[in-house]
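Colleague: Residue numbers (the working numbering): 259 to 772.
Simulated from the structure, these hints should not be mistaken for lab results. Even glycine gets a Cβ: it sits at the ideal position worked out from N, Cα and C. Possibly wrong hints are sitting among the right ones.
[What the hints assert, rightly or not] Okay, derived cross-link-like pairs now, BS3-like style, lysine-lysine, Cα gap no bigger than 27 Å in a straight line:
(1) K597 - K734
(2) K508 - K306
(3) K632 - K651
[Claimed, not checked] Between beta-carbon pairs, the in silico distance windows are:
(4) F415 - G484: 20 to 26 Å
(5) Y316 - G408: 45 to 51 Å
(6) N618 - Y318: 50 to 56 Å
(7) H309 - Q534: 43 to 49 Å
(8) K632 - G484: 29 to 35 Å
(9) W533 - L635: 47 to 53 Å
(10) N601 - T631: 23 to 29 Å
(11) D483 - K306: 45 to 51 Å
(12) D483 - W735: 50 to 56 Å
(13) R319 - P646: 50 to 56 Å
(14) M579 - A723: 21 to 27 Å
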Amino acid sequence: MKNPFKAVNVGKNAEVVYTHNALEAGQGLHTTSDEAALQVQGSVEVPKPYHVFGLNLYPYRHPRVQTAMLGFVIFLTVGMYHVITAMGGAGQQTATLADGANITLYTVFTVFCFVSPACLNYFGMRATLCFGAVGYAAYASSLWCYNRTGNEGFVYFGGAWNGLSAAFLWTADRTGISAYATEDKKGLYVSIFWTVFQVGTVVGSAIPVGQNWNAGVGNKSTVSDGTYIGLFILMITGACVALLLYPMTKMVREDGTRVTLPAQLTWLEQLRASWQVLKDHKYIMWMWPYAWAINYYSIYQNNRYNSPVFTVRGRALNTLMSGIAQIFSAWVMLIMTDKLPLNRRHRAYVGLAFVWLLVNGVNIGGYFAMVETKFGLKESQKLDVYTPGYGPKAFLYVMYGFMDGCYNTFGLWFIGALSNDRRELSVYFSMFTFWQSACTVCAYALDFRGVSHQFMFGSSWGFLAFGPLCLLPIIKWYMKETNIIKAADLALDGQDMATDPTATAVKETAFVKE
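Let the sequences and hints guide you as you build the complete structure.
Modeller: This is the structure:
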């Protein structure tokens, strides 16, 4: 199938250091050394770590550092947003206004997922991420304003702006972490990203815990202005951090392959090319049921469990502990996706089985809690951190967080295992995000209309149990063991290519859009 993202010869400005592997592979593959460097290992010099007191400190442009920075952007934006939503009703006394704003948010989010890959490929990583981060601050400021003035219209506007931004933020960030990773370290890069992201949730959760710890049961279950102000400042900082990222077109993976070449297509051509990728890889549709379940269950967990069962102090502490559990979940999944002595397909099967068993095990426990949940309780009747019986109910919420982390990180690793091409990955992740956000619209709409908590729980469990099963056909028929060419596997003019990574470096130049 013809690649719609045809690379062209590079121009001038940014220096890229190639080894003989790239030059000779270009001849062997009848293409340019730039195109060969996208798929032949050892084609480009890799940034070397600094050795300080026996420790390896990676330089700023190393892919691990850049992945951590991508996580830090999400730390400061989505992590803070999750702090708001995890407290139930965006920290307000009821969830009605927050549900309406989130319906607006995810509706806009869903629509703009279609154009986000083209925008990422045209405008670049830094601009796309920065734009994507600003909307989160707008949403936090709208809730702060509502606390002071009761202006509901601004909350809906903040939700819409957040939805527009989120489509670009998530497509860019998820594409980056998968594109930067080598095939044998996809799980590691996902774990690095997810850990930094969830540290944001933990740090962000400390704000409402500190602000509301002395609130007890006398604050009508709303959070203070200081909570929203603190989160707003952190979110704005996230937009600034996005501008500090190293240009994606200069990035080199740890195996010496380039992440991407400079954009050579117009925005409309990028849009058509994204559609062509989807047509050429129809099997990705099997991933959609898995994506559909993500976020759907969080509405039940936050608005139908955390909010009605616990005081605001209890909810804030639950969110803090759930974030810690999510950090742990990423490294548990790393063992299955990267470390097991199995080939890629078999690791995928093991990870999928673990996720499916975990989902069902946690929801069995959740069923008994759902049966006991009572709504309409006064704040003094809810479970507080010092109330007998708080521990088991809080532990269930922590396990919901652990399940969420495992489900998400496996999904990120799985998509990353399907391709190394930044452009293909951006389309895959935009579709993943589209179904994720579309489902969230449905969940918030159901919650807004007051659908029974039994239905909300049962449907979320059903989606979670069904989604992983749909990945089995992709693993069996479409997942490859590798998408990379090793220099030693190419024979040029009857001789094997030189694979010495210390081969004489040849400097070429590349035009960079960022």
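Colleague: If a hint holds in the structure, say so; if it doesn't, say that too.
Modeller: Hints, one by one, checked against the model:
Pair hint K597 plus K734 holds up; C-alpha atoms about 20 Å apart against a cutoff of 27 Å. Taking the CA atoms of K508 and K306, the gap is near 15 Å; set against the 27 Å cutoff, the hint holds. Annotation: proposed proximity of K632 to K651 holds, straight-line Cα distance about 13 Å (limit 27 Å). Checking the proposed 20 to 26 Å range against F415 and G484 shows it holds: the Cβ atoms sit about 23 Å from each other.
The beta-carbon spacing between Y316 and G408, approximately 49 Å, falls within the hinted interval of 45 to 51 Å. Take N618 and Y318: their Cβ atoms lie about 43 Å apart, and the range 50 to 56 Å is violated. For the pair H309 and Q534, the beta carbons lie near 46 Å from each other, so the given range of 43 to 49 Å is met. The hinted range of 29 to 35 Å is satisfied by K632 and G484, whose Cβ atoms lie roughly 31 Å apart.
In this structure the hint that W533 and L635 lie 47 to 53 Å apart at CB holds, the actual value being about 50 Å. Distance hint for N601 and T631: a CB-CB separation of about 44 Å, inconsistent with the stated range 23 to 29 Å. A hinted range of 45 to 51 Å holds for the C-beta pair D483 and K306, which are about 48 Å apart. Remark: the range hint 50 to 56 Å for D483 to W735 is upheld by a beta-carbon distance near 55 Å.
The beta-carbon spacing between R319 and P646, approximately 54 Å, falls within the hinted interval of 50 to 56 Å. Between M579 and A723, the C-beta spacing of about 25 Å keeps the proposed range 21 to 27 Å intact.
Of the hints listed earlier, those the structure fails to meet are numbers 6, 10, in rising order.
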